[in-house]
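Chains as they are written, first to last, in this note's numbering: chain S, 1 to 117; chain L, 1 to 271.
Quick caveat, the hints were computed from the structure, so don't treat them as lab data.
Quantities reported herein were computed from a predicted structural model and do not represent experimental measurements.
For glycine and all other residues, C-beta sits at the position ideal for the given N, C-alpha and C.
Please note that the accuracy of each hint is not assured.
List of simulated lysine-lysine pairs, DSBU-like, C-alpha gap at most 35 Å [as the list claims (entries may be wrong)]: (1) L:K131 <-> L:K226; (2) S:K83 <-> L:K128; (3) L:K131 <-> S:K83; (4) L:K151 <-> L:K131; (5) L:K151 <-> L:K226.
Interface residues of chain L toward chain S, partial, derived using beta-carbon atoms under 10 Å [stated by the list, open to error]: (6) L65; (7) T69; (8) A71; (9) W86; (10) M87; (11) F109; (12) H245; (13) F253; (14) L260.
Spelled out from the first residue to the last, the chains are:
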Amino acid sequence: MTQSTINDHLDNPPGDPEHSTHHIVPVGTYLMVFAGLMVLLVMTLVAASFDLGEANLIIAVTIAVLKALLVILYFMHLRWSTKLTQVFAGAALVWLLILFVLTLADFFSRSWIHMPA
Amino acid sequence: MVSETQNTPDPNAASVPAPAVEAASLTAHAPDAPHGDGHESHGPLHHHFDDMEQQRESNTLGMWLFLGTEAMMFGGLFLAYSLYRWMYPWAFHEGSSHLNITLGTINTFVLLFSSLTMALAVRCAGIKDRKWLVRFLILTWILGAAFLIVKGFEWTADYHEGLVPGMNWFYYNEHPAALPRLAEHGISQQNVMMYFVVYFCMTGLHAAHMIVGLALVGWFTFLAAKGRFGGGNDQPVEILGLYWHLIDIIWIFLFPLLYLIAGFHPGGGGH
Chain S
1 MTQSTINDHL DNPPGDPEHS THHIVPVGTY LMVFAGLMVL LVMTLVAASF DLGEANLIIA
61 VTIAVLKALL VILYFMHLRW STKLTQVFAG AALVWLLILF VLTLADFFSR SWIHMPA
Chain L
1 MVSETQNTPD PNAASVPAPA VEAASLTAHA PDAPHGDGHE SHGPLHHHFD DMEQQRESNT
61 LGMWLFLGTE AMMFGGLFLA YSLYRWMYPW AFHEGSSHLN ITLGTINTFV LLFSSLTMAL
121 AVRCAGIKDR KWLVRFLILT WILGAAFLIV KGFEWTADYH EGLVPGMNWF YYNEHPAALP
181 RLAEHGISQQ NVMMYFVVYF CMTGLHAAHM IVGLALVGWF TFLAAKGRFG GGNDQPVEIL
241 GLYWHLIDII WIFLFPLLYL IAGFHPGGGG H
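Same shape as in the complex, but just chain S (with noise of 0.2 Å):
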């Protein structure tokens, strides 16, 4: 029964439809999210289409990042998901960053690779 107490704690009673892992979405909702992402995706080609020098790159990666929030949110159901589950989702983030923030910093602060001009 710990469990369950540690469910009440994350304020995720059984019978709650809103924070429940067992949540139907409306087909409308689904539909609204795909419009989103082709909406993206249109964008994502009409930014390439220009020549912003480094924005491209930004740009790209911003309108990739919200296509994956979306997917994460709805498709994955992150948004009804307990407490629980958006901790575990976020951690994987975390050591995402752990390995970029630090593995890049330590290429980027050192002029020991002989780059092109």
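Fit chain L to the given chain S structure using the hints.
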């Protein structure tokens, strides 16, 4: 995660009296152990969980943990991509200009669409609509297969253009027009090769996940047609959906990072 002993369509099977659950947990530790102790069949709830809600939460957590390890695995490749692109931006520009943006866009659409059909399949499992669950799973499978077929055509074209890295790889021989461009930016053909190493590793690992996904979706279609996901046992479909959506998310990042570096100005312009 698929119960082998689902004999009852009763969705309220979760509310087995607690003593029965405890007695069962003493006699049957393996989920598939035969039930010779005379108690009623337990439906989709496994013995080591208190109730369906806890079982669902545990399954979901386990899957997200696995997805986290998947993010780590792809993360290493994304890190390699970031480093080499930072070191040799022009080589990545040069390599990316050989990819077919049209096919990449079609595949992105196909995969996003398959995520929609998978989400709808999960929904149908939740509302116990077996007919449409099977249909959406089949549609998802077809879209996933279409993605792999298009990718296969792309890889074939890459091979014939001499873009697949290997020993004695001579980019200049196949693409002599690139020689002055590379000289102008002070990069070697080995730098360009790094782009294609990263490209084939990332799209290859992604495609391997697609193949696993297709096998699972095909298997689940078969199970769904047999009615295995009725009677409150719909969560396996939800777990499969999480895996499918993760593959989609990986591609969401691969498409702009690999295909759109050179924009629509192949071989020219640049940063």
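Each hint, compared with the structure:
For the hint pairing K131 (chain L) with K226 (chain L), the CA-to-CA distance comes to about 11 Å; that is within 35 Å, so the pair holds. About 26 Å separates the Cα atoms of K83 (chain S) and K128 (chain L), which keeps this hinted pair within 35 Å; it holds. At roughly 33 Å between alpha-carbon atoms, K131 (chain L) and K83 (chain S) fall within 35 Å of each other, so this suggested pair holds. For the given pair, K151 (chain L) sits about 31 Å from K131 (chain L) by alpha-carbon distance, which is consistent with the 35 Å threshold.
In summary, the hint linking K151 (chain L) to K226 (chain L) is supported, as the alpha carbons are separated by about 32 Å, within the 35 Å threshold. For L65 (chain L), the interface hint holds, since its Cβ comes within 10 Å of a Cβ in chain S; the closest pair sits about 6 Å apart. Because the closest C-beta pair between T69 (chain L) and chain S is about 8 Å apart, less than 10 Å, the hint holds. Annotation: A71 (chain L) was flagged as interfacial toward chain S, and the flag holds, the nearest CB pair being 5 Å apart, inside 10 Å.
For W86 (chain L), the suggested interface contact is upheld, since its CB lies about 7 Å from the closest CB of chain S, less than 10 Å. A cut of 10 Å between beta carbons decides the hint on M87 (chain L): the least distance to chain S is about 6 Å, and the hint holds. Because the smallest distance between the Cβ of F109 (chain L) and any Cβ of chain S comes to about 7 Å, under 10 Å, the interface hint for this residue holds. For H245 (chain L), the shortest C-beta to C-beta distance to chain S is roughly 5 Å, which falls under 10 Å, so the interface hint holds.
Because the closest C-beta pair between F253 (chain L) and chain S is about 5 Å apart, less than 10 Å, the hint holds. Among the interface hints, the one on L260 (chain L) holds; its C-beta lies about 4 Å from the nearest C-beta in chain S, closer than the 10 Å criterion.
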